[in-house]
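Join the two chains, each given in its own frame, into one complex according to the hints.
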Amino acid sequence: MSTLREPGLRNRRAIPWARVPVEPVEQFGQSVTEAVAGGWRVASLFGTPEGGGRTRLVAILADDAEGQLGVTSAVVGDRYPSLTPACSQAHGFERELAEQCGVVPEGHPSLKPLRRHPPDHLPPGRHVEVSDREAYPFFQIAGDEVHEVAVGPVHAGIIEPGHFRFQAHGEQVLSLEIVLGYQHRGVEGLLERVGRDRAVLVAESIAGDTVIGHGGGYCGALEALAGTRTTPRGQTIRAIALELERLANHIGDLGAIAGDVAFQPAAAYLGRMRGECLNLLMTLSGNRYGRGLVRPGGAAFDLTPAMAGEMRDRLQRLSEELDPVLTLLFETASVQARLEGVGVVPRSACVEHGFVGPVARACELPRDVRHDHPWGVFRFAHIPVATMWAGDVLARALVRRLEIQRSLEFTIEQLRAVPKGAARVDCGPLRPNELVVAMVEGWRGEIVHVVITDDTGRVRRHKVTDPSFHNWTALGLAMPGNEISDFPLCNKSFNLSYAGHDL
Amino acid sequence: MRFPPADAGADFPERFRGRPVGSLDLGACLFSPEEAAYSRDYRMATSTRDALVTTTGEVELARALDERARKLFRRSLRLRSVVAGSCNGCEAELVALGNVVFDLSRFGVQFVASPRHADGIVVTGAVNRNMRRALELTYEAVPPPKLVIAVGACAISGGPFAGSPEVGTGVGDVLPVDLWVPGCPPHPLTMLDGLLRLLGNDTFTEPS
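Chains as they are written, first to last, in numbering that gives the first Met the number 0: chain W, 0 to 502; chain S, 0 to 207.
Source of the hints: derived by calculation from the structure; they are not laboratory data. By construction, the Cβ of each residue, glycine as well, lies at the ideal position given by its N, Cα and C atoms. Keep in mind that a hint or two might mislead.
[Claimed, not checked] Computed footprint of chain S on chain W; a stretch qualifies when at least three of its residues, placed anywhere within it, have a C-beta under 8 Å from a C-beta of chain S:
hint	stretch
1	153-160
2	171-182
3	185-191
4	198-212
5	281-287
6	291-301
7	490-500
[What the hints assert, rightly or not] From the structure, some residues in chain W lie toward chain S, with a derived Cβ separation under 8 Å:
hint	residue
8	38
9	116
10	132
11	271
12	274
[As the list claims (entries may be wrong)] Example chain S residues on the side facing chain W (calculated, C-beta under 7 Å, incomplete):
hint	residue
13	12
14	29
15	31
16	87
17	88
18	93
19	94
20	100
21	110
22	127
23	130
24	165
Isolated chain S, as found in the complex (with noise of 0.2 Å):
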């Protein structure tokens, strides 16, 4: 039996704009062609916020969860999806991770309708005043043990928006991250490596 290479199939244009080179804020970048150069590298997602804030443009990428988490959602992980004030753009890309072509559900994980059933949210969105109550409730509904993963700029730091009065810093802020994935907002394959290194399945990266 052979396993795929690592970066198997990831093929990306040449103007694609992954991971920044040189110093940067992952985090409060948006990616625009104006903020800074970009390799083709579209795995970027860390563990922590600090690790987003790179002064030679490598980016210490995300680590496996401890072996108590790993042997709990290893091979079956739910997530409920909570928009706290985003322009759809993550959403979008989190939509497209489910379909035929990055299929999730092979890695057995899934999207569910209830924060009852799930094992962790998924934050999109700059954490707006009118999105922040709720977004606190659907945690807390979340039964323990239970993880956190903020997926685009605004839900790291407020992305474009940063600096509305309506706005806060991220959901950072507000709830413990243990996923941070950067980008404007991040491709597919961006969420799925980090989705991936998380759970400790190094079917497409290279073994840690």
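With the rest of the complex left out, here is chain W (with noise of 0.2 Å):
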């Protein structure tokens, strides 16, 4: 594990890529293998093309516990000794790099398309047969009283596409398998090809719902790569900006739930007081999902001191309006029968698969960025990590009321006392030949950036992951032993991000 630790590697902070240790595969396996047995996390695992028709595999390791990162590559052919059957968190990321690079890992468990669509970082000179989009083998349970359920892509509710096949006893789940890709739009490729100006808007467009969260993940990267350090002012902006953005979702998510076990006060409350935080966002950035806030070397926008004593009024009144309902909400016997026990995600399988944010959160896992690898102002003002202990839906309910009441506390005490001088300063080129990884807590959890530079200081490799892509397995493995009219209420439960999983 020395060796993963000996570049230094740590949230934003960015090494040369020749410091990078290159393993043969099988200790490159090894490595991450033992490092995630010894308490480590996978936060990244991807391929890049290397010279000669060869792809080089990049794993980035998460020390939680002492803020630090590890890093450790091989280069492979077309096919290398798969890493899940020892390693349950490589599953998606091996499945990702399978398809973006063309090369197989052999031994993997559920080698399946993951977001169907062509190889598209296959090394020059490699040429790999197009399969076709549509093909999936899916999963079935054989048996007279087995049903088979699809739903999707096209949902009954205005909701972003997905597919889910269940294998149904009668009303109970036995199986269910989530087909993604529908929301493939190309963006990594697109943040590898498109000059800085457009690639800030492609990535404040990966999940439209988190522009902040990968907005700063994007400016984050280039920022660390371009040695530019933003100021105390411009970190507060987009610290408030991010807990806006968090408290946006977070109170839409209980409207959504309480909606879904027709609890309709309740939904009709929160679903205004979630425009009231976004109509903040557009306050602030004229955008009330903070589009063109977030830039490279800080924030494009300021904050007046009306403004900023306009917004803490503002939320100084949510807070207010907010505590009742929510004590409605949680305090209604019907509701808590809905929600109690449903769709449990027991603490091990967070563990074994890597789940992060309030989904973990929910089962007694502390895992925050803010907390764990923190960046800009949340390295002098702590929040509270929000933790509860069922794992149900009602656990992932509660984390995200604490997490409401802490981020409106945190938001309202930075507005207090913004640090003076100037909100962004220039970012300029990057540095040639290096890796970042910068990495966020966005409102799903742990965004992680993942940027390489060649030697004429472009971008040569962005991998992005979303929380979602870590997450969408927990809603997999939850929903077994439920019932199915149940789904909709523990898929809003967990509320991934279908574009944010895809890219």
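Written out as structure tokens, the structure is:
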């Protein structure tokens, strides 16, 4: 594990590409599995084209306890021994790199298409057969009384596309297989090809409800590579925006959960209050989702003292209005009866699969990038990590409730004392031949942007991992044993991003 | 009985990026601060793709459907949402249209759970490869007469993803569109204004 630590990689601290260890692929696999067995977590595992028709596999590991990152790599041809049998956290990443790089992880227990697109990171000189996008080998359970239920990609409500294939026995779900890729737009390819002015707009659009999260990850990577130090004022404005984004989504999620258990009063109130948070972002940035605010070098819009005062007042009022609504929601017996014991994710699954965000925190795993790998204002102002223990729909709802309270306190406090100085500084050219990892605690969990520059300082690889990439697996694990009619509720209790997963 | 004044309640903050001023294609605009200068006018939905391309900043706003269509849809319009390669921003604002603040249902407009129950589809997203077929099938499943509403820069022109091999250049290449709502994402009031104009409902707009 000392190989992993040696380059001294941390959140937003770039290292020369030459310092990334290169191991024989069997040793690479061992380094990763030993690290995970020792409590590290796979933050990213991806392929990037290398010369001679080969692919460089890169693993980024997170030591949350020490706030450090580890990195190792290996060069492979068209196949290599899969890490997944020994390390479940590699499962999705290996399916992804198989699809992106045309490399086969031999022995992978479930090598199915992930986003269903032809390889877009093939090393020059390699050719692979293009397979049928529509072909997908579904898991099926045979039996006289077993039936199969297919949902999507077009869903009943106004919601992103995805496909859910249930095997059910009456009401009871025996298994759920989730097929995504319907929102695949080619984000990484765009980030690697377009100029900086356009790339930030793509980054903001990875997931339209996580503009600040992904925008911050993208800008954080660039700033580290350019050696640009953002100002305390810029960091504070970004943190305020990030927490407003968290508030808007958590409040909206609780409203949606209330809607799914037919508790209309809370659904109605919370729907309005979500809008209050979006309108605060609009006051600050001109856009309800904060588009245009986070830019390389800091915040493109500044806070006037009058604006800070107004936002504080509005948040204070919001806090006072929210309290009785949340009390009503959580203390109503008919709501509790619907939320308790449904959609349980065991803590062991969170550890094994590397789930992140409120999903992990609802199983008493206190993972939070603001705490474990802090950046910007979070190095100085600590928001206590919110955890619950039952891992059910109720626990995930309660974690959101706690985070709403804590983000409100934090944001009001930050608005009271915004540091003086410029909100934004220039962000110069990127240093050549470096690797950086920028992590953000988005409202769904850990966002990771890995950027590698070439010898002219251009971005040659940009690997994006949305928290949903890890957490979709949790929904598949949570549904069996539940009633199929509880699927919308369970789905909403995770509220995962299809676009964030699909890129 | 008094009617609310036109633009009643549309009070946007100073930095709100509404309709751009100057020469621009509103359908390709991503409404970023760097791209253009903006007014605070939220009204910019149009009936044709061409009407979104302006040299003066003025835009011919959406016209009402013909009398026959108005008779069918004016008091009851059922819409089906199809998301074809989006970031989910437009969907979030479409969902907001149904909340207690905007309350789309008071205008007789509702989203339904099946194309068979619908009068038209609302398309968001850049019409990517993986959703193109589903979009076509859903449209085919809507009994005629049927409408198509394109919401957001992606649905109109591919948006931020234009140029990616995985997406096209908007739903206009695939289906006949009756209403174009620009934005990234469009504010719920921009969507609502477009819908009301299409239906010939002038409660909140200047009578045409």
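Evaluation of the provided hints:
{"no.": "1", "hint": "153-160", "in the structure": "holds (count 7)"}
{"no.": "2", "hint": "171-182", "in the structure": "holds (count 3)"}
{"no.": "3", "hint": "185-191", "in the structure": "holds (count 4)"}
{"no.": "4", "hint": "198-212", "in the structure": "holds (count 9)"}
{"no.": "5", "hint": "281-287", "in the structure": "holds (count 7)"}
{"no.": "6", "hint": "291-301", "in the structure": "holds (count 3)"}
{"no.": "7", "hint": "490-500", "in the structure": "holds (count 3)"}
{"no.": "8", "hint": "38", "in the structure": "violated, 34 Å"}
{"no.": "9", "hint": "116", "in the structure": "holds, 6 Å"}
{"no.": "10", "hint": "132", "in the structure": "holds, 7 Å"}
{"no.": "11", "hint": "271", "in the structure": "holds, 5 Å"}
{"no.": "12", "hint": "274", "in the structure": "holds, 6 Å"}
{"no.": "13", "hint": "12", "in the structure": "holds, 5 Å"}
{"no.": "14", "hint": "29", "in the structure": "holds, 6 Å"}
{"no.": "15", "hint": "31", "in the structure": "holds, 5 Å"}
{"no.": "16", "hint": "87", "in the structure": "holds, 5 Å"}
{"no.": "17", "hint": "88", "in the structure": "holds, 3 Å"}
{"no.": "18", "hint": "93", "in the structure": "holds, 5 Å"}
{"no.": "19", "hint": "94", "in the structure": "holds, 5 Å"}
{"no.": "20", "hint": "100", "in the structure": "holds, 6 Å"}
{"no.": "21", "hint": "110", "in the structure": "holds, 6 Å"}
{"no.": "22", "hint": "127", "in the structure": "holds, 6 Å"}
{"no.": "23", "hint": "130", "in the structure": "holds, 5 Å"}
{"no.": "24", "hint": "165", "in the structure": "holds, 4 Å"}
Of the hints listed earlier, the one the structure fails to meet is number 8.
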